[in-house]
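Number of protein chains: 2
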Amino acid sequence: MMRKNKNSIPKVVIIGAGFGGLWAARSLASTQVEILLLDRNNYHTFAALLYQVAAAELGPEDIVHPVRNIFRKLPNVHVEMADVETIDMTNHQIRAADRLITYDYLIIATGSETSFFGIPGAAEYAFPLKTLEDSIRLRNNILYCFEKAILEENPEYRRRLLTFTIVGGGPTGIEIAGALIELVRGPVKKDFTDLDPNEVRIILIEATDNLLPGFPECCRDYSNSRLRQMGVEIYVGSPVTRITKDSIRLKSGQVILTQTIIWVAGVGGNSLAKKAGLELVQNGRVKVQQTLQLRDYPEIYVIGDLVYFEKNGKSLQMIAPVAIQQATVAANNIKRQINGKKPEPFNYRDPGFMVIIGRNTAIARIKNRSFTGFPAWVLWLMIHILKLIGFRNRLLVLISWALDYFFYERGVRIILPMRQSKDN
Amino acid sequence: MMRKNKNSIPKVVIIGAGFGGLWAARSLASTQVEILLLDRNNYHTFAALLYQVAAAELGPEDIVHPVRNIFRKLPNVHVEMADVETIDMTNHQIRAADRLITYDYLIIATGSETSFFGIPGAAEYAFPLKTLEDSIRLRNNILYCFEKAILEENPEYRRRLLTFTIVGGGPTGIEIAGALIELVRGPVKKDFTDLDPNEVRIILIEATDNLLPGFPECCRDYSNSRLRQMGVEIYVGSPVTRITKDSIRLKSGQVILTQTIIWVAGVGGNSLAKKAGLELVQNGRVKVQQTLQLRDYPEIYVIGDLVYFEKNGKSLQMIAPVAIQQATVAANNIKRQINGKKPEPFNYRDPGFMVIIGRNTAIARIKNRSFTGFPAWVLWLMIHILKLIGFRNRLLVLISWALDYFFYERGVRIILPMRQSKDN
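Read top to bottom, the protein sequences are chains X and H. Just so we're aligned: 173 in the working numbering is position 173 of the first sequence, and the numbers increase by one with no gaps anywhere. Just so we're aligned: 116 in the working numbering is position 116 of the second sequence, and the numbers increase by one with no gaps anywhere.
Chain X on its own, in the form it takes in the complex:
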């Protein structure tokens, strides 16, 4: 199928400026197409480092990059801020606020959003960690709890303020647990000299029988024992049944009193897919053909976290390498369609994975070789610096990490005022 707009140059619209959207635009930029990249923000977020913003390690500005800037030198890539509301697939139109945007080809790369799985109270009281805003709100809350605790004379309420609970023992749960315990043992201990550090609890709760479900056994055990050594309390096999303003109830009936509940237990496909009436498979994620096209709309591709795609009977993870590889294939398939060729199927090449736990402590698995400890930690730092977009961000993040490593400092321990802006 081949469609042309009035200038007879095909128009490709990409929704979402995550890794998938950016790589799709880059891959298409060398072709004779007009590309319009839409995102609700004016920046790309490096989501893997959001937890470091929450833990006062990096500034919010350090992990995002203005999208326009990335495509400045590619004249056929246009960037616009737009909160896409729905897609009229029959008429090849996107609606965003009062605008109608037409396309010849469409790549949907809106990613995932926090899913609370209907746990009562979770949506109201837990802090998600999926957006830049989430990470700033969480940081503000964590730092404010210490400021309130230092003034609180009621010991029960003070301990509740100082209990930080993380729901979800996946990679993000482990990373934020490790970052928080190091925040408490280092900078907070030095700054809040009147505070008893033994009153501070970092609790990590996982519903299944061990941390990092789906990862190799050795990595799971390593994470568990390292976090315990660092001082994190770990509850495994403990599904959460109810969340209130200041407590968590586990399936066992146990209630944990805690002012801060961080929800990293689940993500699902971005809700645009449902609104647009796409066929969903599991957890709000979209079913696509092997070529990443929609069955009934071969001009529409879905890539990244939003896609449910199986390899060897197992769903691909919601991680950047999947999104980037899918973006390249989708872009290439659009080029093939324009040239009258048949799209090719997507085949994922697994580059491995890595999870950071703390100082000198990480796990990595590359080409069936597992590393832990210092080598994995160095690898994690290097890969994440390289994945950051922009020289400035790389330099500033490197400096922040070095200052933290050598001086046990967190540079961004500020409670940012976050009131509604006047205009937007």
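Heads up, some of the hints might be wrong.
The list treats identical chains as one, so a pair stands whether inside a single copy or across any two.
No more than 16 Å apart at the CA atoms, straight line, and that leaves these computed lysine to aspartate or glutamate pairs for EDC-like [unchecked claim]:
(1) Lys189 / Glu199
(2) Lys367 / Glu344
(3) Lys73 / Glu34
(4) Lys73 / Asp194
(5) Lys245 / Glu344
(6) Lys367 / Glu310
(7) Lys130 / Glu199
(8) Lys148 / Asp246
(9) Lys148 / Glu80
(10) Lys275 / Glu85
(11) Lys148 / Asp83
(12) Lys274 / Glu344
(13) Lys245 / Asp221
(14) Lys311 / Glu153
(15) Lys342 / Asp83
(16) Lys387 / Glu85
(17) Lys148 / Asp98
(18) Lys73 / Glu156
If you are wondering where the hints come from, they were derived from the structure by calculation, not from laboratory data.
Mind docking chain H on chain X? Use the hints.
Showing chain H alone in chain X's frame:
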């Protein structure tokens, strides 16, 4: 007069962690007193660089520093977050939320706040630039105006979105005007390739007959001509009579259509002084004795922007050097009171002033010698780096400035989401 608390160690409370509050606490820390420093935020703000946050040059985190961190090694300085509501001077008590804080000596250093002088519409529609929050809101608005303008087909409305008006031709007005025109001519021009840079207007409005009222004539003329050369439209002798959502009316009857109105035309003393019933002289500023004490409450000192203090019949400016020198004198006078000695009068030693206009362009006056151009610009950069608190901030600001200088880039062009936080 000498008062002791129950431990017979005098308790000094300082309200406000600006330059005045910080220097007062530092100066007192070597004495046998307990010091409690209160601020509504958990950080000190370097207010002179707020305009650079607004102009997307620096991140908000770069110009603030956690107060606790500053006094970490001084065991008799305690820091608490508190929004002080009122002062009961008779009973030596401060009320903040549900807390009552007693003092033996009190230093009020709450600084200044934006004053709109009752101009209709100013408080509702103009953007002030006095707090970190103000600077982020203004940056968000400025960047969002460009994003909206690029989509706006109505030329009249587009020009309104691209007209940025600054009310107030004092140092801050000049600095923000210069920073905005360089933002537009550099990064914005490169990022918004579809935008006609000639449609963007930066307008600076001053009520009196020239910019920089109160400064030497040569500096005033230099600023005026340099800003005009850079492309800023300047209206002098133009008092503003009314502000609406998207327009400014001048006394002449002329109306300027503009979506963004930045109000840097006036500041007055912080409103706590009025609420506490202190004797006000002018513009909400407090009358003190030559020793910086209140006439009827010799245990209370007022320092910094909040004080109205004359030298040679002229009011001292609201600038950091005044606050710092007054802090030292107030701290010293409290030590003298404790030792049964008479407080000494404050005598201001004027270190000069400096205003930055843009790249390689500034004015400075030190010991009756005026500089302009490159030497003044270098001096401005050096002094401001040194005045920043913390090695990390100095390093990061230096890098940001260097990247801007050599690559004409602004690193922080992001529209930060600013919704209400859940808890605080």
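Violated constraints from the hint list, given by number and in increasing order: Failing hints, ascending: 2, 5, 6, 7, 12, 13, 14, 15, 16, 18.
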